[in-house]
Amino acid sequence: AQKITQTQPGMFVQEKEAVTLDCTYDTSDQSYGLFWYKQPSSGEMIFLIYQGSYDEQNATEGRYSLNFQKARKSANLVISASQLGDSAMYFCAMRGQGGGSQGNLIFGKGTKLSVKP
Amino acid sequence: DSGVTQTPKHLITATGQRVTLRCSPRSGDLSVYWYQQSLDQGLQFLIQYYNGEERAKGNILERFSAQQFPDLHSELNLSSLELGDSALYFCASSVRIDGELFFGEGSRLTVL
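Quick mapping for you: the protein sequence lines, in order, are chains A and B. Using our numbering, the letters of the first sequence correspond one by one to residues 63 to 179. Using our numbering, the letters of the second sequence correspond one by one to residues 2 to 113.
Certain hints may be false.
[Claimed, not checked] Some chain A residues close to chain B (C-beta under 7 Å, calculated; not the full set):
(1) Glu106
(2) Met107
(3) Tyr112
(4) Asn166
[Unchecked claim] With beta-carbon atoms standing in for the labels, derived distance ranges:
(5) B:Gly43 - A:Thr122: 22 to 32 Å
(6) B:Gly100 - A:Gln119: 18 to 28 Å
(7) B:Thr16 - A:Gln92: 37 to 47 Å
(8) A:Ser142 - B:Gln42: 28 to 38 Å
(9) B:Val96 - A:Pro179: 38 to 48 Å
(10) A:Pro179 - B:Gly53: 41 to 51 Å
(11) A:Ser103 - B:His74: 20 to 30 Å
(12) B:Ile13 - A:Glu79: 38 to 48 Å
(13) A:Thr122 - B:Asn52: 30 to 40 Å
(14) A:Glu77 - B:Gly17: 46 to 56 Å
To be clear, the hints were calculated from the coordinates, so they are not data collected in a lab. Backbone N, C-alpha and C fix where the C-beta goes; we use that ideal spot for every residue, glycine too.
Produce the entire structure from the sequences given, and follow the hints as far as they go.
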């Protein structure tokens, strides 16, 4: 069965510094996708970044980058130059291609990031 | 704004009652997904529809049902409500099966 593990329930980072949020995954699928979402206190889920299992380069979207290490089954999110507005819950998620999980995402428990001024 | 619209945003009801949550996906998106987010269970996938047909089922209780209509909007019906059903219910949509999901703002259900 597919599984996403986020081992950091909460993290603090100083404004303008970089921070890495950890994510490891487990799957037997050869083709899969990895996603990161942000959930501010207002509750909405905001898509941040995507990495395909066959992508050779790490995905980047503005200040967000995904450190993808396939052999270690990790997909860590790196936020550069943290801003106060980055304070939120961050969820790592995975989509598999096999069986009934043809489109839905499996989510980790999340990491609560707090940015200090 | 993700383009996914969910109503109502907040709902308070009593145990044993039935409620319907509504979702309008982004224009052109054929897939609709329902998720439940609670403090103890995290984000749980409930069910997925693609162009009107059920595509995948997750941890959806028998008291819950959903459907996707010809105009692609979807409804999630929750019946015989229990205190433990209190949660944030998200609808998400995607244009492709392998694309990213775009989430609505959620419907917060409180069962008293």
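Okay, the hints, checked on the actual structure:
For A:Glu106, the shortest C-beta to C-beta distance to chain B is roughly 5 Å, which falls under 7 Å, so the interface hint holds. For A:Met107, the interface hint holds, the least distance from its beta-carbon to any beta-carbon of chain B being 4 Å, beneath 7 Å. Against a cut-off of 7 Å between C-beta atoms, the interface hint on A:Tyr112 holds, since the closest Cβ of chain B lies about 6 Å away. For A:Asn166, the shortest C-beta to C-beta distance to chain B is roughly 4 Å, which falls under 7 Å, so the interface hint holds.
At about 27 Å, the CB distance of B:Gly43 to A:Thr122 agrees with the hint of 22 to 32 Å. Restraint check, B:Gly100 to A:Gln119: a C-beta distance of roughly 19 Å satisfies the suggested window 18 to 28 Å. Hint check: B:Thr16 to A:Gln92, Cβ distance near 46 Å, so the stated range 37 to 47 Å holds. Separation of A:Ser142 from B:Gln42 is about 32 Å and conforms to the stated range, judged on CB atoms against 28 to 38 Å.
The given range of 38 to 48 Å is respected by B:Val96 and A:Pro179, whose C-beta atoms sit roughly 39 Å from each other. A beta carbon spacing of about 50 Å between A:Pro179 and B:Gly53 agrees with the range 41 to 51 Å that was offered as a hint. At roughly 28 Å, the beta-carbon separation of A:Ser103 and B:His74 lies within the given 20 to 30 Å, and the hint holds. In this structure the supplied range 38 to 48 Å holds for B:Ile13 paired with A:Glu79, their Cβ-Cβ distance being about 41 Å.
In this structure the supplied range 30 to 40 Å holds for A:Thr122 paired with B:Asn52, their Cβ-Cβ distance being about 33 Å. Distance hint check: the CB atoms of A:Glu77 and B:Gly17 are about 49 Å apart, consistent with the given range 46 to 56 Å.
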